[in-house]
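Listed below, chain by chain, are the residues.
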Amino acid sequence: MAQATDTLPHDDHHDQPDTGIKRWLFATNHKDIGTMYLVFSLIMFFVGGAMAMVIRAELFKPGLQLVDPMFFNQMTTLHALVMIFGAVMPAFVGLANWMIPLQIGAPDMALPRMNNFSFWILPFAFTLLLSTLLVPGGAPAGGWTLYPPLVLQGGDYFPMVIFAIHLMGISSIMGAINVIVTIMNMRAPGMDLLRMPLFCWSWLITAYLLIAVMPVLAGAVTMLLTDHFFKTSFFNAAGGGDPVMFEHIFWFFGHPEVYIMILPAFGIISEILPTFSRKPLFGAVSMVYATASIAFLSFIVWGHHMFVDGMPLAAQMFFMMSTMLIAVPTGVKVFNWTATMWRGSLSFEPPMLFAIAFLFMFSIGGFSGVMLALVPADFQYQNTYFVVAHFHYVLVPGAIFAIMAAVYYWLPKWTGHMYNLTLAKTHFWLSTIFVNVLFFPQHFLGLAGMPRRVPDYAVQFSDWNMVSSIGAFGFGLSQVLFAIVVIQCIRGGQKASSVVWGDALPTGLEWTLSSPPPYHSFITAPEIK
Amino acid sequence: METRIELKPNCSLTLPAARVFFVSICGFSLVVALLATLQGFWPVLPFWGLEMLGLGLALRSSLRRRLWTQTLLITESQVSLVTRSRNGEAKQEFARHWAKVRLRSPRMRQYPSRLMIESRGRSFEVGSFLTEEERCRLAERLYAMVGGMNESPPLEWE
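Those sequence lines, one after another, are chains Y and Z.
The numbering used here puts the first residue of the first sequence at 1, with every later residue one more than the last.
The numbering used here puts the first residue of the second sequence at 1, with every later residue one more than the last.
Among these hints, one or two may not hold up.
[As the list claims (entries may be wrong)] Estimated spans, in silico, between C-beta atoms of each pair:
(1) Phe-21(Z) x Ala-237(Y): 48 to 56 Å
(2) Glu-76(Z) x Pro-516(Y): 24 to 32 Å
(3) Asn-87(Z) x Ile-300(Y): 30 to 38 Å
(4) Gln-92(Z) x Leu-421(Y): 42 to 50 Å
(5) Asn-87(Z) x Gly-20(Y): 22 to 30 Å
(6) Ser-24(Z) x Met-311(Y): 29 to 37 Å
(7) Lys-425(Y) x Arg-4(Z): 44 to 52 Å
(8) Ser-24(Z) x Ile-300(Y): 42 to 50 Å
[Claimed, not checked] In silico contact screen, one side only, chain Z against chain Y (beta carbon under 10 Å); selected entries:
(9) Leu-13
(10) Pro-16
(11) Val-23
(12) Ile-25
(13) Leu-38
(14) Gly-40
(15) Pro-43
(16) Leu-67
(17) Leu-73
(18) Phe-94
(19) Trp-98
(20) Gly-121
(21) Arg-122
(22) Phe-124
(23) Glu-134
[To be verified] 20 Å max Cα-Cα, derived SDA-like pairs, lysine to any residue:
(24) Lys-22(Y) x Glu-2(Z)
(25) Lys-100(Z) x Leu-67(Z)
(26) Lys-8(Z) x Trp-511(Y)
(27) Lys-91(Z) x Leu-50(Z)
(28) Lys-91(Z) x Gln-78(Z)
(29) Lys-91(Z) x Glu-2(Z)
(30) Lys-22(Y) x Ala-50(Y)
(31) Lys-279(Y) x Gly-476(Y)
(32) Lys-231(Y) x Gly-40(Z)
(33) Lys-22(Y) x Glu-125(Z)
(34) Lys-231(Y) x Leu-73(Z)
(35) Lys-61(Y) x Val-499(Y)
(36) Lys-279(Y) x Ser-347(Y)
(37) Lys-495(Y) x Gly-476(Y)
(38) Lys-8(Z) x Lys-495(Y)
(39) Lys-91(Z) x Leu-67(Z)
(40) Lys-22(Y) x Val-47(Y)
No wet-lab data here; the hints were simulated from the structure.
Beta carbons: idealized from backbone N, C-alpha and C, even for Gly.
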C-alpha cells in the first residue's frame with residue numbers, strides 16, 4: 001500500500017502517529033486510547049496496592065502501630081474504589097479498546113471522539129477522589145458501599161466523592177455505549193454474532209449490564225447528595241426515608257458490577273485456553289448462553305448482600321436459591337474450560353499459566369461464594385474476613401490474573417516484541433504463591449470470627465494475620481516484576497511474528513495483522529465494487 | 001467503455017435490527033428504573049433517560065453511515081461523482097482529461113486523509129467514510145484511471 005501511494009500526488013502522507021502529548025491528548029485511535037486505559041489502570045493498580053500495603057502493615061500484629069483508625073478506614077474505602085473503578089474496570093475497557101476492533105475486523109471504535117472523552121474523564125475523576133485525602137476530615141471512611149447515614153456524617157469529602165463517582169459512571173457509560181455500537185454496527189462482513197470471539201461476546205454482555213445498572217448508581221448517589229445538602233429524606237429515617245433502601249438500590253447496582261468485573265475475564269480465558277491447548281474451545285455456543293445467563297441472574301441476587309438486614313423468609317429463600325443458581329452457568333464454563341484442556345497438547349507460556357491459575361483460584365472464590373449464599377451460614381460469615389477472602393479470590397486471582405493473562409497474551413501483538421519469558425514466569429509463580437499466602441488464611445480468620453474493616457484485633461488472630469501480611473508484601477513486590485516485563489517489552493526485545501505464539505496457532509482476526517498492527521488496522525472491511 | 005465504482009461504508013446492523021435492539025435495551029433498563037421510581041426513588045429515572053438518549057444518539061450517528069454512499073462513473077471522456085446522503089443526491093461531473101486525483105494529508109495526524117477529485121478550480125471529496133487504507137487503495141485505483149491534469153490513461157485496472 002505504501003509503495004502504491006508513493007506514486008500519488010499527496011503531501012507527505014505517513015502511517016505514523018504524531019509524537020508528543022498531542023498524540024495522547026487528542027487520540028481518537030482505538031490502540032492509543034486502549035494503551036492509555038491500560039497504563040492508567042496499571043498506575044491505579046499500584047496506587048490501590050500501596051493502600052493495601054498500609055492496611056496489611058497495620059494488621060501485621062495486633063494493636064495500633066502505624067496509622068490511626070480513621071486513616072485505616074479511609075485506606076480500606078479508597079483501596080476498594082481505586083481498585084474497582086480505577087484498576088479493574090479501566091483495564092478491561094483498555095483491553096476492549098485494543099482488541100474489539102481487531103477481533104471484529106473494524107477500522108476503529110464506532111465513536112472515536114467519545115472514546116477519547118470517556119478516557120480523559122478518568123484522570124480528573126481519580127484526582128478528585130484521591131484529593132479527598134487532603135481536605136478537612138480526610139477521605140471517605142465508611143466503605144466503598146457509601147451506606148447512609150454513616151457516609152452523610154463525614155467531612156468535606158462528601159460532594160467530591162459523589163462527583164467523582166458520577167464522572168466514573170459517565171466514563172463507564174460512554175465506554176459501554178461505544179462497545180455496544182461498535183460490536184453491533186462495525187463487524188466485518190461475514191462476522192455474524194455467533195462467530196464473534198468470546199472476548200467480544202463477554203464484553204457485549206458486560207456493556208449491556210453497565211447500561212442497565214449505571215443509572216441506578218447515579219440515582220442512588222444523587223439521592224445521597226440531596227439528602228445531605230437539600231434536606232430530602234430518601235434515606236433519612238427521621239424524615240420518613242429508609243436507609244435500608246439505599247442498600248437495596250446500591251446492591252442492585254453492586255452485584256451486576258461484580259459481574260461487570262468478571263465477565264470480560266471469562267472472555268479472556270476462553271481465548272487463551274484453546275490457544276495453548278491447541279484445541280478449539282469446548283462448547284463455544286454454550287459459553288455465550290452461560291455468560292448471558294450469569295448476566296441475567298446477576299439482577300436478581302442482590303439481596304444476598306443483606307441477609308442480616310432483616311427480610312422476609314420468602315425473600316431470603318428467593319435470594320439464596322437464585323444465588324446458588326449462578327453456580328450452574330458458572331459450572332458450565334469451568335467444565336468447558338477443563339474439557340478444552342482435556343487431551344489437548346498443552347504448553348505453559350505465561351498467559352496459559354495465569355489462565356490455569358485463574359481456573360483453580362476463581363473456583364475457590366466461587367465455592368466460598370456458594371457458602372455465603374446459604375442464609376444460615378451467611379449469618380455466621382457476614383462481616384468477617386471470610387467475606388474479604390471470598391471477594392478477593394474472585395477479584396485478584398480471578399479478574400486481575402485474567403487481565404495479566406490478557407496482557408501477556410496480546411502484549412507481543414501490541415508492541416511487536418516478545419517479552420522476557422523467564423521474568424514473566426517468575427512473576428507468575430511469585431504472584432500465585434503470594435496471593436494464596438495473602439488471601440487463603442483470611443478464610444480461617446473469618447471462620448474464627450475476625451470482623452472486617454478493623455485496624456486492631458484480638459490476639460488469637462495474630463498468626464494468620466501475620467502470614468496474610470507477609471503474603472501481601474510479597475504479592476505487592478512481585479507486581480514490580482510485571483511492570484518491568486511490560487516496560488522492557490515496550491522498549492524492545494526479540495521481534496514477534498504476526499502469529500506470536502508459533503505452533504499454538506491462535507485463532508481470531510487479530511492474529512492476521514502484523515505485530516505490532518498498523519496504526520490504522522484493516523484494509524478489507526467495506527465492499528468496494 | 002466505462003468503469004463504475006460504488007462506495008459504501010461497512011454497517012453490520014440493519015435499521016430494523018437496530019430498532020429492535022434499542023427498544024429491547026430501553027425496555028429492560030426502563031423496568032429497572034421504573035421499579036426504583038415506584039419505590040419513591042425517582043432520581044433514577046432521569047439518569048435512565050439521559051443514558052438512553054446517549055445510546056440512541058450513538059446508534060443513530062453510527063447508523064447514519066449507511067445512508068452515505070458514493071458512485072463514481074468513469075468513462076472515456078468524463079468522471080461523474082454521485083453522492084447520496086440523508087439530504088438527497090448530488091452529482092458532479094468533470095472532464096476526465098482535465099481532472100486529477102489528490103490525496104491530501106491531514107493537518108493533524110489523528111485525523112484522516114482526504115481524497116479529492118479536482119478540476120478547473122472545483123474540488124470534491126471521495127470516500128471520506130472509508131478507512132485510511134481503503135482510501136489509499138481507492139486513491140491508487142483512481143489515479144491509475146483518471147491520472148493527473150492533462151492526462152487520459154487507459155481505463156483498465158488490475
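Now for the hints, and whether the structure bears them out:
no.: 1; hint: Phe-21(Z) x Ala-237(Y): 48 to 56 Å; result: violated (42 Å)
no.: 2; hint: Glu-76(Z) x Pro-516(Y): 24 to 32 Å; result: violated (45 Å)
no.: 3; hint: Asn-87(Z) x Ile-300(Y): 30 to 38 Å; result: violated (47 Å)
no.: 4; hint: Gln-92(Z) x Leu-421(Y): 42 to 50 Å; result: violated (58 Å)
no.: 5; hint: Asn-87(Z) x Gly-20(Y): 22 to 30 Å; result: violated (39 Å)
no.: 6; hint: Ser-24(Z) x Met-311(Y): 29 to 37 Å; result: holds (31 Å)
no.: 7; hint: Lys-425(Y) x Arg-4(Z): 44 to 52 Å; result: violated (57 Å)
no.: 8; hint: Ser-24(Z) x Ile-300(Y): 42 to 50 Å; result: violated (18 Å)
no.: 9; hint: Leu-13; result: holds (4 Å)
no.: 10; hint: Pro-16; result: violated (13 Å)
no.: 11; hint: Val-23; result: violated (14 Å)
no.: 12; hint: Ile-25; result: holds (6 Å)
no.: 13; hint: Leu-38; result: violated (12 Å)
no.: 14; hint: Gly-40; result: holds (7 Å)
no.: 15; hint: Pro-43; result: holds (4 Å)
no.: 16; hint: Leu-67; result: violated (13 Å)
no.: 17; hint: Leu-73; result: violated (13 Å)
no.: 18; hint: Phe-94; result: violated (16 Å)
no.: 19; hint: Trp-98; result: violated (15 Å)
no.: 20; hint: Gly-121; result: violated (17 Å)
no.: 21; hint: Arg-122; result: violated (17 Å)
no.: 22; hint: Phe-124; result: violated (16 Å)
no.: 23; hint: Glu-134; result: holds (6 Å)
no.: 24; hint: Lys-22(Y) x Glu-2(Z); result: violated (45 Å)
no.: 25; hint: Lys-100(Z) x Leu-67(Z); result: violated (27 Å)
no.: 26; hint: Lys-8(Z) x Trp-511(Y); result: violated (26 Å)
no.: 27; hint: Lys-91(Z) x Leu-50(Z); result: violated (39 Å)
no.: 28; hint: Lys-91(Z) x Gln-78(Z); result: holds (13 Å)
no.: 29; hint: Lys-91(Z) x Glu-2(Z); result: holds (17 Å)
no.: 30; hint: Lys-22(Y) x Ala-50(Y); result: violated (31 Å)
no.: 31; hint: Lys-279(Y) x Gly-476(Y); result: violated (35 Å)
no.: 32; hint: Lys-231(Y) x Gly-40(Z); result: holds (16 Å)
no.: 33; hint: Lys-22(Y) x Glu-125(Z); result: violated (27 Å)
no.: 34; hint: Lys-231(Y) x Leu-73(Z); result: violated (69 Å)
no.: 35; hint: Lys-61(Y) x Val-499(Y); result: violated (50 Å)
no.: 36; hint: Lys-279(Y) x Ser-347(Y); result: holds (12 Å)
no.: 37; hint: Lys-495(Y) x Gly-476(Y); result: violated (30 Å)
no.: 38; hint: Lys-8(Z) x Lys-495(Y); result: violated (37 Å)
no.: 39; hint: Lys-91(Z) x Leu-67(Z); result: holds (16 Å)
no.: 40; hint: Lys-22(Y) x Val-47(Y); result: violated (26 Å)
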